[in-house]
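Trainee: Residue numbers (this note's numbering), protein chains in the order written: chain A, 16 to 529; chain B, -7 to 262; chain C, 1303 to 1519.
Quick caveat, the hints were computed from the structure, so don't treat them as lab data.
Predicted model, so just to flag it, every value in this text is computed and none were measured.
Worth double-checking, as some hints may not be accurate.
[As the list claims (entries may be wrong)] No more than 20 Å apart at the CA atoms, straight line, and that leaves these computed lysine to aspartate or glutamate pairs for EDC-like: (1) Lys75(A) x Glu1405(C); (2) Lys244(A) x Asp223(A); (3) Lys83(A) x Glu101(B); (4) Lys83(A) x Asp1357(C); (5) Lys244(A) x Asp1459(C).
[Stated by the list, open to error] Rough simulated footprint, nothing fancy, chain A against chain C, three-plus residues with beta-carbon under 8 Å: (6) 1344 to 1354; (7) 1361 to 1371; (8) 1374 to 1386; (9) 1394 to 1402; (10) 1423 to 1432.
Every residue, glycine too, gets a C-beta built ideally from N, C-alpha and C.
This is what each chain is made of:
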Amino acid sequence: MSTTDLGMPAVRGGARDGSRDTGLPTHSVAGQGNLRGTTSFPRAAHEKLADTQLRRNLGKATGIIRGKRAGVVAELDDWEELRLAGSALKADVMARLPELLEQLEENVTARGGHVHWARDAAEANAVVAELVRATGSDEVVKVKSMATQETGLNEALAEQGITAWETDLAELIVQLGHDAPSHILVPAIHRNRSEIREIFLREMPGVDPALSDDPRELAMAARAHLRRKFLTAKVAVSGANFAVADTGTLCVVESEGNGRMCLTLPGTLITLMGVEKLVPTFSDLEVFLQLLPRSSTGERMNPYTSTWTGVTPGDGPQEFHLVLLDNGRSAVLADEDGRAALHCIRCSACLNVCPVYERVGGHAYGSVYPGPIGAVLSPMLTGISGPDDPNASLPYASSLCGACFDACPVRIDIPNLLVQQRAASVESHPRPTAQDLALRAAALVMSSPGRFAAAEKGLALGRLLAGREGRISSLPWPLSHWTDSRDVPAPPAETARQWWARTGGHDEQDGERS
Amino acid sequence: MKIAVMATCLGDAMFPQAVKATVRLLHRLGHEVVFPEGQTCCGQMHVNTGYLREAVPLVRHHVEVFEPVADGGWDAVVAPSGSCTGCVRHQHAVVARRAGDEVLAERAEAVAARTYELSELLVDVLGVTDVGAHYPHRVTYHPTCHSLRMLRVADKPLRLLRAVRGLELVELPDAEVCCGFGGTFAVKNGETSTAMLADKMRNVLGTRAEVCTAGDSSCLMHIGGGLGRLRTGVRTVHLAEILASTEAGRTPAAAGTPGGVRDEPVEAQR
Amino acid sequence: MSGAREEVLARLRAARDAGAPRGGVPPVPRGYHRSGSLAPGSAQVLDLLVERVEDYRARVLRAGSDDEVAGAVARCLDEAGSRRVVVPADLAPGWRPRTGEREVVEEHPGSPLAVAELDDLDAVVTGSTVAIALTGTIVLAGGGPGQGRRALTLVPDHHVCVVRAADVVETVPEALARLDPSVPLTFVSGPSATSDIELDRVEGVHGPRRLDVVVLR
Ligand code: SF4
Chain A
16 MSTTDLGMPA VRGGARDGSR DTGLPTHSVA GQGNLRGTTS FPRAAHEKLA
66 DTQLRRNLGK ATGIIRGKRA GVVAELDDWE ELRLAGSALK ADVMARLPEL
116 LEQLEENVTA RGGHVHWARD AAEANAVVAE LVRATGSDEV VKVKSMATQE
166 TGLNEALAEQ GITAWETDLA ELIVQLGHDA PSHILVPAIH RNRSEIREIF
216 LREMPGVDPA LSDDPRELAM AARAHLRRKF LTAKVAVSGA NFAVADTGTL
266 CVVESEGNGR MCLTLPGTLI TLMGVEKLVP TFSDLEVFLQ LLPRSSTGER
316 MNPYTSTWTG VTPGDGPQEF HLVLLDNGRS AVLADEDGRA ALHCIRCSAC
366 LNVCPVYERV GGHAYGSVYP GPIGAVLSPM LTGISGPDDP NASLPYASSL
416 CGACFDACPV RIDIPNLLVQ QRAASVESHP RPTAQDLALR AAALVMSSPG
466 RFAAAEKGLA LGRLLAGREG RISSLPWPLS HWTDSRDVPA PPAETARQWW
516 ARTGGHDEQD GERS
Chain B
-7 MKIAVMATCL GDAMFPQAVK ATVRLLHRLG HEVVFPEGQT CCGQMHVNTG
43 YLREAVPLVR HHVEVFEPVA DGGWDAVVAP SGSCTGCVRH QHAVVARRAG
93 DEVLAERAEA VAARTYELSE LLVDVLGVTD VGAHYPHRVT YHPTCHSLRM
143 LRVADKPLRL LRAVRGLELV ELPDAEVCCG FGGTFAVKNG ETSTAMLADK
193 MRNVLGTRAE VCTAGDSSCL MHIGGGLGRL RTGVRTVHLA EILASTEAGR
243 TPAAAGTPGG VRDEPVEAQR
Chain C
1303 MSGAREEVLA RLRAARDAGA PRGGVPPVPR GYHRSGSLAP GSAQVLDLLV
1353 ERVEDYRARV LRAGSDDEVA GAVARCLDEA GSRRVVVPAD LAPGWRPRTG
1403 EREVVEEHPG SPLAVAELDD LDAVVTGSTV AIALTGTIVL AGGGPGQGRR
1453 ALTLVPDHHV CVVRAADVVE TVPEALARLD PSVPLTFVSG PSATSDIELD
1503 RVEGVHGPRR LDVVVLR
């Protein structure tokens, strides 16, 4: 495969030429699924920052989960070793992904399951819709799944006259609220109890009008609402947390039991899974089943984890379909540094510790994958089409504080990936932007001491701007974004370099002033 | 020891007091200090804004200027900045490699191996925590993200501060949360940056400290810019300035930037 | 769909090579604990299990003999007011709740109950395959001795689960080493719960809202 001078492997844009088949790593197809919003991050953030309720809900929820996570992580004296193992296992998976997928396929098939492949979101949705139609059912129950959110499966099924019932409590809140998920683990994290109560009262048929906003009561209302569905549904759609190549075992990690209901009671189970969700062997789950619950809900173990291998006569669905989704993952895999983004086990720890996410929430990112990992994964999956692509702004939605790396159970160096994606964003510019010109000029100045010293002389101007107060409170755009909220000190009368030239570093006492 | 000061572009042009304090402190501890005159900028702003290609000449220039430390000409390079040290240590070689320049990458690694942030130099290399400073003020310390998570300086700055006579150290709540600076983030996402700053300021003000200190002039410019805009009266002072202060020396209150205000008469301008 | 299969695999093969790490992939470091410091079935490991299961707000009773199991099971059922109880046909005879006040239904692998019938029952009593003390987790193997199929432990609202001391290990790796991946497995840690409302944990959603565990020494 060819490599450009930037060290980036050649990757195809998602089927813009209409042909799906070139055998080259390919981005997700523009216009399909939910990987790209419509506004740039700073514009979306502008709105969200002013939403008092959102700020309060997110601050409270992320604060709780951060505390819980820190507590259960501190309990394990081998946490770092688990992280190292998790990271290395995923690196190994990426290096052998095609082989491991074939092994998975072989094992699932041998156990009576059927394996399907999907190049992109539309194809995955079509495969699932066709499988549902073949059962004669016009509805499915769904376990929370990021992959189906990514492809926009519910909408695609609705177009085919098939109703999808979300059964995870948070997904149900989002679905009933005609809303979009804002978190990868708790999609309704942006809603508080009283908002949820209102949604239930408005949208849930037959709900008790005396429903209070006590979380227990709300959970019971969801139980009553979905119970009949669970007991009668013929088809379930799920995602997967892990798929084991050497045994063909699938694994779903959950809390409420809605997962068990979907995975056990209907006659047909369809699982849609990104190709990266593999682990090599069954015993490797010993690492991830420790990393995931502690990082995600901050529990030693989540209430329920289910594993199944193909079809088991007399127990659970007798028809099982596994749909393996590319949708841009091949493009991510083709990037040596970037492929680490595929190690993500969707625990959401990086979202919960991110000071940016905490203040703007998930919707500001546009994609179903928000927060630090979303800010890199979304543009990597879609590619960046130019400076006006909303996803071009995502890698900049971070102060690079690094809290995400420390929290990540598989040690994804998200700050490094953010910088790499910023570079991809810059390199997507067909012609130089104002920022490009400014930074290129700065690079020219700063790589020469003579030019740099000359430029520093210009700072004297700043002292005039600052006036008697010694502070600058207003600068022209784009620096107005700084002075909107922060003063800038007047530049010093003498730079460090000038001071050294004058004193040789030895008259500190007098050199301070003037 | 013969120690070269890496002033950083921001320290050189905007916050020379931190650079001067570093020099004064090292002199006081009996070391020889050099100021490589060719130095400009480590390129961090370019790297972190995504201009990796444009950063290559900056990296090359930095390596050329500071290479004596790799050849034994100097014993160490010190920067009064966690983030610039972090850039040198963790990004220079990456930038060079990405551009296919393996030779430059290896030279950069050799320079980086002997480049230290101030608290690292003092505690790890020079082996001192009590630098003989005197600073009779109520101070709170903000661990900047890059010193905390890129360099892992851990509690070294706090150990240094605890040994300063007269200094009353108050713990900053949620200290490890980013202040919202983030380089060009502060401009490109100015509103989110401000929202983060608001919480940092709330925590600083809650400590009733007179002074907020840190190891990075950049973050202090941001925090101080906010504290100054609101006329809180709280000063931001670089760690180096506190450690350089002595009873005999200049009045400590004059050290530092009172909330984004240059503390010297404009008439002093030549 | 074979076109999609070949295309996706071709893309991934190209990507695997294009993005191959220059230094190769290092071997997986296994520095984490692959076994615990407490012996399986030891008094300490049982104490830890009890503490961790109770932490999920599940009820734990201890029994010293099969007879005591039956008594403990009966207590759990009585306290919950569970009158109609289902058990897998191969549940150890000594663990069965005594009939009398109660109706006990057996499920045989050859003649499963309809879902609606299961829904009419108050409780289920089963055995278990492995328990993990460190995380307070009990693992049910579909079709394993006294465990029945998955639906059996899912639909009734009250689950009474018997754990034998010999099946209790300290760590997750020790448990996985004892499990057969070819049968459906359910890892149960407390009653069903949700944290979806303000990330506050609430016990009891779709799965059994009440979990009682009887630990048999
Ligand atoms: S990137 Fe890491 S921390 Fe973030 S969701 Fe994925 S696995 Fe969790």
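Trainee: Each of the hints needs a verdict: does it hold here or not?
Mentor: Tested hints:
no.: 1; hint: Lys75(A) x Glu1405(C); result: violated (47 Å)
no.: 2; hint: Lys244(A) x Asp223(A); result: holds (18 Å)
no.: 3; hint: Lys83(A) x Glu101(B); result: violated (39 Å)
no.: 4; hint: Lys83(A) x Asp1357(C); result: holds (14 Å)
no.: 5; hint: Lys244(A) x Asp1459(C); result: holds (16 Å)
no.: 6; hint: 1344 to 1354; result: violated (count 1)
no.: 7; hint: 1361 to 1371; result: violated (count 0)
no.: 8; hint: 1374 to 1386; result: violated (count 0)
no.: 9; hint: 1394 to 1402; result: violated (count 0)
no.: 10; hint: 1423 to 1432; result: violated (count 0)
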